[in-house]
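Kindly produce the complete structure, drawing on both the sequences and the hints.
Here is how the chains run, residue by residue.
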Amino acid sequence: MSPYPLWLENLLQTLATGIMVGGTYALMCVGLGLIFGVMRVINFAQGDFLMLGMYAAFYAFTYLGVGAVFGVYFGPIVAAFLAGPIVFVIAWFLHWLLLARVSGTAAQGAEAEGHYAQLILTLGIALVLQNGGLLIFGSWPQSIRTPLSNEAWFIEPVFFNKSRMVAFCVALGVALVLYLFMNRSGYGKALRAAADNPDAAIYMGIDVNRAHRLAFAIGIAVTAIAGGLVAMYYPFQPYVGLEFVIIMYTGVVLGGLGSIMGAFWGGMTVGLVQQLSTLVLPIQLQNTAIFVVFLLIVLFRPQGLFGRSVERM
Amino acid sequence: MLKIEKLQVSYGGLRALSEVSLEVGQGEFVAVVGPNGAGKTTLFKSISGTVPVESGRITLDGADLLAVPPARRAHLGLAHVPEGRQVFSSMTVLENLEMGAHTAAGKANWEENIAQIYQLFPRLKDRTRQLAGTLSGGEQQMLAIGRGLASAPRILMLDEPSLGLAPAVADDIFEVVQHIHQERGLAILLVEQRVAEALESCDRGYVLESGRTVLTGTHETLVSDRRVQQSYLGM
Ligand SMILES: Nc1ncnc2c1ncn2[C@@H]1O[C@H](COP(=O)(O)OP(=O)(O)OP(=O)(O)O)[C@@H](O)[C@H]1O
Ligand SMILES: [Mg+2]
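Listed in order, the protein sequences are those of chains A and B.
Going by our numbering, the first residue of the first sequence is number 1, and it counts up by one from there.
Going by our numbering, the first residue of the second sequence is number 1, and it counts up by one from there.
These aren't lab readings, by the way, just hints derived from the structure by calculation.
Misleading hints may appear alongside valid ones.
Claimed, not checked - Restraint ranges, calculated between C-beta atoms of paired labels, are given here:
#, chain 1, residue 1, chain 2, residue 2, range
1, A, 93, B, 163, 42 to 52 Å
2, A, 112, B, 5, 31 to 41 Å
3, B, 234, A, 112, 26 to 36 Å
4, A, 115, B, 5, 50 to 60 Å
5, B, 27, A, 173, 29 to 39 Å
Claimed, not checked - Computed cross-link-like contacts, SDA-like style, restricted to lysine to any residue with a CA-CA straight-line distance of at most 25 Å:
#, chain 1, residue 1, chain 2, residue 2
6, B, 107, A, 206
7, B, 107, A, 187
8, B, 107, A, 188
9, B, 107, A, 181
10, B, 125, A, 283
11, B, 125, B, 137
12, B, 6, B, 26
No residue lacks a Cβ here, since even glycine has one placed at the ideal position from N, Cα and C.
The structure is reproduced here in structure tokens:
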């Protein structure tokens, strides 16, 4: 028998799961945080783009032959990566077609800076994605079956589920690449400039509307990759986005609206809170615990726990 | 080089500029002076395209500037140093300068430009990694001008660079602007409320009041004009 007391074993196990789950949450939050930080648009459809990411990974894995080529171990990871560019293209197109008309320079001088129109539009996109998903994908829950989700690494006294561990590592890697992109590359810096001061960015010759489109598409793509990773151990259907929207908003608000790094730590915290709550609360209440955290933050620390507000990315 | 003809701009029915005409020649230093609310900033914003123009023409080297999307105008050689500095406060000094060099000309001459900018404003050189939002007002103004210069412009547009600065710091800034103009022959369009300093350095000037040009002329005619002396120079 294990030399550790049961309560300690439980606590360590829950912490480990919380951190692993938190990594994927952190990645989705970073995507949402990027969009809000650059565009100042509240995107209600973020969860549904996550759902699209899950299905994109699923179809890439099953029908595009990714599973056949890369096998059941690496296939799901490759499929999750592929969800990024696929959903990127969809988001780019939707921004060009719809969102650009009510945000960016088009929203300057509009009523409430165009926020009403943006809310209604992203809500509309969410509904279309959900119902379109139902029509195309069906309501039957799917999952990307991989033997990884039934295997674990064991480091006394904690089990690390392999699919969660892999998802965690990949999510961290993608978040790191995004961080480097934003802080080192010319494109990333231009995005930050456009977020910081749109008028001044135009004076520098930065096309702010294009910057918004890029930020929107990258933010969606990153969330979609997170979706593809979660799909390895979480069954999904077209309404699954609703379950994650609350997680993403809590993470982003925790991290301080507009701060990308803050969103990362916010998402991580949500994962921990969600898992730790299962130690004291019935498992059905784990998302309620997140909502309580959300309310507490909004009431007592609206600038977030980690964010130095919008000052630093 | 830059030519504005009968420019008209309104905000929600209220006219801010009516029939304003103005010209900046190659290597010329042009000042626009006038009281608060005269429409000076509006004039700059219409050149840069962040305010919609009702009627009139703006041309650069004879080509219609109003047909060029706002974000492309910097690439044609216009550097707008806006009122209130508007630095990217969440980015470092160096990153701000890099954003200035977003234009092709700015990228091509980056090494050379940055060396010159640091020579003009040594205080920026000591603070390359500092966040622009934490700079003092004077340093932010230096950065705003440096950021404009980093684009390797053909016309530098300065909107009230002395705003909110201590007189000594403002004098330094004026001196640097003079220096840039004389050493490099860079064309300058300067908006100022400190009329004496602005008219002292310019080749030509315009007096703008309530959205109209009420007076225009060379440096000599303006400083010797009775109305200018009485209303602006306190003589
Ligand atoms: N966004 C706006 N909406 C409505 N009116 C505006 C707007 N911007 C400027 N105005 C008005 O246009 C007129 C000209 O303003 P502008 O800022 O161009 O003046 P200015 O000459 O730059 O003044 P100052 O010296 O104080 O900077 C003012 O009456 C101002 O109230
Ligand atoms: Mg002004």
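Status of the hints after comparison with the structure:
{"no.": "1", "hint": "93(A) x 163(B): 42 to 52 Å", "result": "44 Å, holds"}
{"no.": "2", "hint": "112(A) x 5(B): 31 to 41 Å", "result": "36 Å, holds"}
{"no.": "3", "hint": "234(B) x 112(A): 26 to 36 Å", "result": "45 Å, violated"}
{"no.": "4", "hint": "115(A) x 5(B): 50 to 60 Å", "result": "38 Å, violated"}
{"no.": "5", "hint": "27(B) x 173(A): 29 to 39 Å", "result": "53 Å, violated"}
{"no.": "6", "hint": "107(B) x 206(A)", "result": "14 Å, holds"}
{"no.": "7", "hint": "107(B) x 187(A)", "result": "14 Å, holds"}
{"no.": "8", "hint": "107(B) x 188(A)", "result": "16 Å, holds"}
{"no.": "9", "hint": "107(B) x 181(A)", "result": "19 Å, holds"}
{"no.": "10", "hint": "125(B) x 283(A)", "result": "57 Å, violated"}
{"no.": "11", "hint": "125(B) x 137(B)", "result": "16 Å, holds"}
{"no.": "12", "hint": "6(B) x 26(B)", "result": "21 Å, holds"}
Violated hints, listed in ascending order, are 3, 4, 5 and 10; each of the other numbered hints is respected by the structure.
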